[in-house]
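Residue numbers (the UniProt record's numbering), protein chains in the order written: chain A, 1 to 351; chain W, 1 to 351; chain Z, 1 to 351; chain S, 1 to 351.
In short, the hints are calculated from the structure, not lab data. Here the structure is a predicted model, which is why all the values come from computation and not from measurement. Keep in mind that a hint or two might mislead.
Same chains, same names: a pair is fine if it fits in one copy or spans any two.
Stated by the list, open to error - Dumping the calculated SDA-like pairs for lysine to any residue here, alpha-carbon to alpha-carbon at most 25 Å: (1) LYS44 / TYR209; (2) LYS213 / GLY284; (3) LYS71 / GLU32; (4) LYS194 / PRO80; (5) LYS254 / ALA304; (6) LYS213 / LYS283; (7) LYS257 / ALA125; (8) LYS194 / PRO282; (9) LYS194 / LYS283; (10) LYS146 / PRO29; (11) LYS283 / ALA189; (12) LYS283 / ALA42; (13) LYS254 / ASP176; (14) LYS283 / THR40; (15) LYS254 / ARG306.
Protein chains: 4
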Amino acid sequence: MAKQKAKIGVLGASGYTGADAVRLAARHPHIEIAALTANTYAGKHMQEVFPHFFMLDLPKLETWESVDWTKLDAVFCGLPHGTTQEIIAKVVEANPKIKILDMSADFRLRDMATYAEWYGHEHRAPHLQGEAVYGLTEFYRDDIAKARLVACPGCYPTATLLALVPIAKAGLIDTDDIIVDAKSGITGAGRGLKQNTLFSESGEGLSPYSIAKHRHAPEIEQEVAAAAGVPVTLNFTPHLIPMSRGELCTSYVKLAKGKTVDDLRAALEAAYKDEPFVFVAPKGVVPQTQNVRGSNYVQVGVFADRIPGRAIVVSTLDNLVKGSAGQAIQNMNLMLGYPETTGLEQIALFP
Amino acid sequence: MAKQKAKIGVLGASGYTGADAVRLAARHPHIEIAALTANTYAGKHMQEVFPHFFMLDLPKLETWESVDWTKLDAVFCGLPHGTTQEIIAKVVEANPKIKILDMSADFRLRDMATYAEWYGHEHRAPHLQGEAVYGLTEFYRDDIAKARLVACPGCYPTATLLALVPIAKAGLIDTDDIIVDAKSGITGAGRGLKQNTLFSESGEGLSPYSIAKHRHAPEIEQEVAAAAGVPVTLNFTPHLIPMSRGELCTSYVKLAKGKTVDDLRAALEAAYKDEPFVFVAPKGVVPQTQNVRGSNYVQVGVFADRIPGRAIVVSTLDNLVKGSAGQAIQNMNLMLGYPETTGLEQIALFP
Amino acid sequence: MAKQKAKIGVLGASGYTGADAVRLAARHPHIEIAALTANTYAGKHMQEVFPHFFMLDLPKLETWESVDWTKLDAVFCGLPHGTTQEIIAKVVEANPKIKILDMSADFRLRDMATYAEWYGHEHRAPHLQGEAVYGLTEFYRDDIAKARLVACPGCYPTATLLALVPIAKAGLIDTDDIIVDAKSGITGAGRGLKQNTLFSESGEGLSPYSIAKHRHAPEIEQEVAAAAGVPVTLNFTPHLIPMSRGELCTSYVKLAKGKTVDDLRAALEAAYKDEPFVFVAPKGVVPQTQNVRGSNYVQVGVFADRIPGRAIVVSTLDNLVKGSAGQAIQNMNLMLGYPETTGLEQIALFP
Amino acid sequence: MAKQKAKIGVLGASGYTGADAVRLAARHPHIEIAALTANTYAGKHMQEVFPHFFMLDLPKLETWESVDWTKLDAVFCGLPHGTTQEIIAKVVEANPKIKILDMSADFRLRDMATYAEWYGHEHRAPHLQGEAVYGLTEFYRDDIAKARLVACPGCYPTATLLALVPIAKAGLIDTDDIIVDAKSGITGAGRGLKQNTLFSESGEGLSPYSIAKHRHAPEIEQEVAAAAGVPVTLNFTPHLIPMSRGELCTSYVKLAKGKTVDDLRAALEAAYKDEPFVFVAPKGVVPQTQNVRGSNYVQVGVFADRIPGRAIVVSTLDNLVKGSAGQAIQNMNLMLGYPETTGLEQIALFP
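Work the whole structure out from these sequences, hints included.
Next up, the structure:
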């Protein structure tokens, strides 16, 4: 570690997840940002695209085709879903040893049929899919450390799975009746120009969207099913909230016969007692997005329902950090042999 | 109607619901604002307390004790919960013919034991409670028209009940398994000084609150039970959203055996086909608070769930208008014999 | 007035100013919305483009070419700058008697060379420019009443001129040294897709823009010069503020020799004492956008500066109402012979 | 540096500046948080008062009287103005070697009469005032390094002075005619409960305040005068903006005879060319608060005015970081002999 810094690149540095990877990487003590790609903006300075980097000396944006991948140790991929597979395949061809942190959805679904159904086309790099490790650090830490390609989970899956996996695994809940009411800040919709994410449209207002058909649902189901050992279909209903960052999932669960809210709490506390970034809130303390804004931390809370035999699990994170770029850095630390928390201990920015 | 304007007063005109009653009343063609009370601010001009009324010529604020109630035809009551009962009792004593539109929670619960349990003290005017009509206009229109005292529902109950009552009444859902994930703008917390409603605390963030113990839950249960004909315990989980006005409830329901989402839609459409303020959104159209901000309108939408046998009902309104002062004016129109929509047809302020 | 309603059309009904004209017109007692154009959305229902109109029964959107202009009494034009001139010319050709309320900048500048300099092309309908009346109601009321074509002022000019014209006209300030620090909500940038008006970019932040080169500067200068009787060059520095609606201009002026802040106040009070929509705030009361949101009202305040011989004038309005569609309706009322305030007395939506 | 960490305390840890000092100090590699005071909350965990610290192990809150000051190397003071003087005097008495970073206004004004005039009482620790160094790091670096008591500047003065001091010092502007239109996020008003800082009051709106009488004006004048060598009275007009953090000052200046905007730019670039935190934006690049949110960085831009002989200087910072706690840490680094940037290089949180 005392030796040379690892050289990293960011594919798709003009999007929000790419920019947040740059923000964190620029202050990471053991890495050097060696390449930034954004084909639309090739030739520009990063500061022209993201002026909040005015204090940094960064490589110019270039096309991904012009990068010399053999010089890089790792690459973060912030490209849109669907475009990633072929580019990653080419990167790997150019440098088979490179570590890949994919922040898109392209390698998250293990079942190729499910992928095709939800993303509208056959997967274009199934051979790479085979080796991809699902990058939810807390549950796949050992596999991630040995992986070449890590498919970092979506922000909603990260928030939801940290609430549900330990209790599903322990058989504490009825997996036929999981309702996830999810709320996300507007950065979750990306930097692309859409009418509904204009300030004047989404400010001072709130709307559900993609009801019963959001692409993160099958990803969540895949992992809850893996934990529970049975197929799972669950409700996942996202809402767009007038704030930039932050995500909070309110999960309504039915307790398995004879189980109690205290059992849920015990399972979650056991799961996270040594985790550096995931914290179970003390009884009565309600997680809120303000507590994690701009940080890699996650807060989970458990509450009894008024309906007997039911419980509520609340989980919150910053969608661009633990929900994307932060978790990617966390995984990179594992893959390159750095302490897992390096460069990620920034506390939430509140107020 | 062509004759003299009715004289109205507002008790508690220094709060948000009182102010919104003034805003609407000031432009109502058939009424005259004759008295405004706010004991803390007695002697001040309303414009000193709410500067957005600079263009109006309003009576000065006074104590409620100093009002000559015999001169008023109706009074809107925007006092805090608990303080209302005794004051209303005195008002009625002074003028037994006065029409009362109570926007507090004091007369909403028909069961006195439930009241005492949730509000922490015995009811102080049980004789008046007996005559109070629950003021959800769409379901109690005839009783309201004949009432002296109308207990206008809370904002959450209005939003939730407009979603649930018609389908509960028709036996289309399992009333043991109703989950209401509610989201409210911050005016819902009132104008009182609280740390968590400061801009710097509640802006750019989102938090659940009063999980499994919000006072609107028993009120909702009372009315769903009345519709369904059986006792009901339901989940009601409110969240504070960084916007001033607006409320949206996402209700997750289990369909009764053999029933479908189309049955829900048909029941809601039948219930509201002649309603001036409640609209069922066409298939696929998602209600959002932006559509109702500042208006007395309500939008309800119905959606299939991914979990077979389940459905999602989304309802939205402006918490200070249809959720409070607007519905009070709507009820007053009925009680004083004006067309129900008078003074209330303002369209949502968007963007 | 008791007879038939006037038929109006809206050109460019898919933009924010067009939509606000629809919002106000739909509740105007003497007019009927007979045509809505939006070439990009022709064939769609207005509710598909602006879902907050779900409670209205409006004509479908159509192309402007397909409208039968002979059937309309008046048309509101919310098209983008530059495209308006030729379309208006065609409308007038089809129906020479139609009243035109242009909300674009196309007919605001009386000097064709200034127009060409700031808008980048020769004016395409100079003959119409000749007859256009500048639509700042308070200063051009009589001409507006007789006009066929009214060029409604920009939002910034309306706010600034209501602060400056009376005091410039009375010779109370040094017109060589006027500094206008202007702040606008984000609807001022329109509904077009731009990166800087995304919620995630413009929320929780503040930026000056178009420093020393905003197109509203020459329009303001034209009118201040007309009032003062001398050519004027002034500072106009706009800032984008994270709110949807509202505009506030802080104008820093140097008092003419021997003049005082009280003289400014007296001149403004004299100018607006009978105005229905413009109010001078009492001494010490500070105007704020919250007081006028969603309304056609304007609030102006005057303050002494710490620098001797200087004063500060603060003016505020809703950029889409008095700054655009509301003022257009106000002018239409004059042109069609209705009371000037008809349909415009809605009070500010606060909170 | 490799040895023991310095022990620091925070007086007034329940306010926003205190909390931001904790946020930064908790990740500073060379210091240890040894005491946190908040008399109102004594005995509570810091997490109960600021739940975003849930991941930290912090000392409990205690009264300032109960702290053993002899064990501390430095103390940050985030108490309200007026209360600080006496407490600091006691702290110094208990431990004359302690380094004091005062973030209140109590020791900023060098003239005791000016202090009494603006703060309403005689100064209570004039002997300490005598030794206090004004903590604008960029201009008083050497004195700060040797000081015991540093009076960290207010947020507005920091933003304004970084724009004005170099150009006033170089004689490039007319100091009789400086107009500062300042805009601040709402955290600037502190965590105390005030009606005007409730979300529902200050959101979606904008208001000037303390026009011509803000307490930061004399502080700015003191330092501009010191730079220019002549007494200065300037306009300082603050506005409350609906965002939590961030401050932007638009300063309108008259150029001294024969001087140009390029001269201003040259002076600013010369002043900041080696500064780690202050950056002059390239020609045409407009500073915005988004670029500095949550960071200790400052961005300054210079622009020609439309009025000949005038210029505009725009400066922006985060009011709680470079405007308060960040600058205090920066000064502490100097006072304790650490590299000045230690613990402060966090990049702005955007979006």
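Going through the hints against the structure:
no., hint, result
1, LYS44 / TYR209, "between (35 Å within a copy, 21 Å between copies)"
2, LYS213 / GLY284, "between (33 Å within a copy, 12 Å between copies)"
3, LYS71 / GLU32, "within (12 Å within a copy, 40 Å between copies)"
4, LYS194 / PRO80, "both (15 Å within a copy, 19 Å between copies)"
5, LYS254 / ALA304, "both (11 Å within a copy, 20 Å between copies)"
6, LYS213 / LYS283, "between (34 Å within a copy, 15 Å between copies)"
7, LYS257 / ALA125, "neither (43 Å within a copy, 44 Å between copies)"
8, LYS194 / PRO282, "between (40 Å within a copy, 23 Å between copies)"
9, LYS194 / LYS283, "between (41 Å within a copy, 22 Å between copies)"
10, LYS146 / PRO29, "within (22 Å within a copy, 31 Å between copies)"
11, LYS283 / ALA189, "between (33 Å within a copy, 24 Å between copies)"
12, LYS283 / ALA42, "between (51 Å within a copy, 22 Å between copies)"
13, LYS254 / ASP176, "both (9 Å within a copy, 12 Å between copies)"
14, LYS283 / THR40, "between (49 Å within a copy, 24 Å between copies)"
15, LYS254 / ARG306, "both (12 Å within a copy, 17 Å between copies)"
Hint 7 from the earlier list is the only one contradicted by this structure; the remaining hints agree with it.
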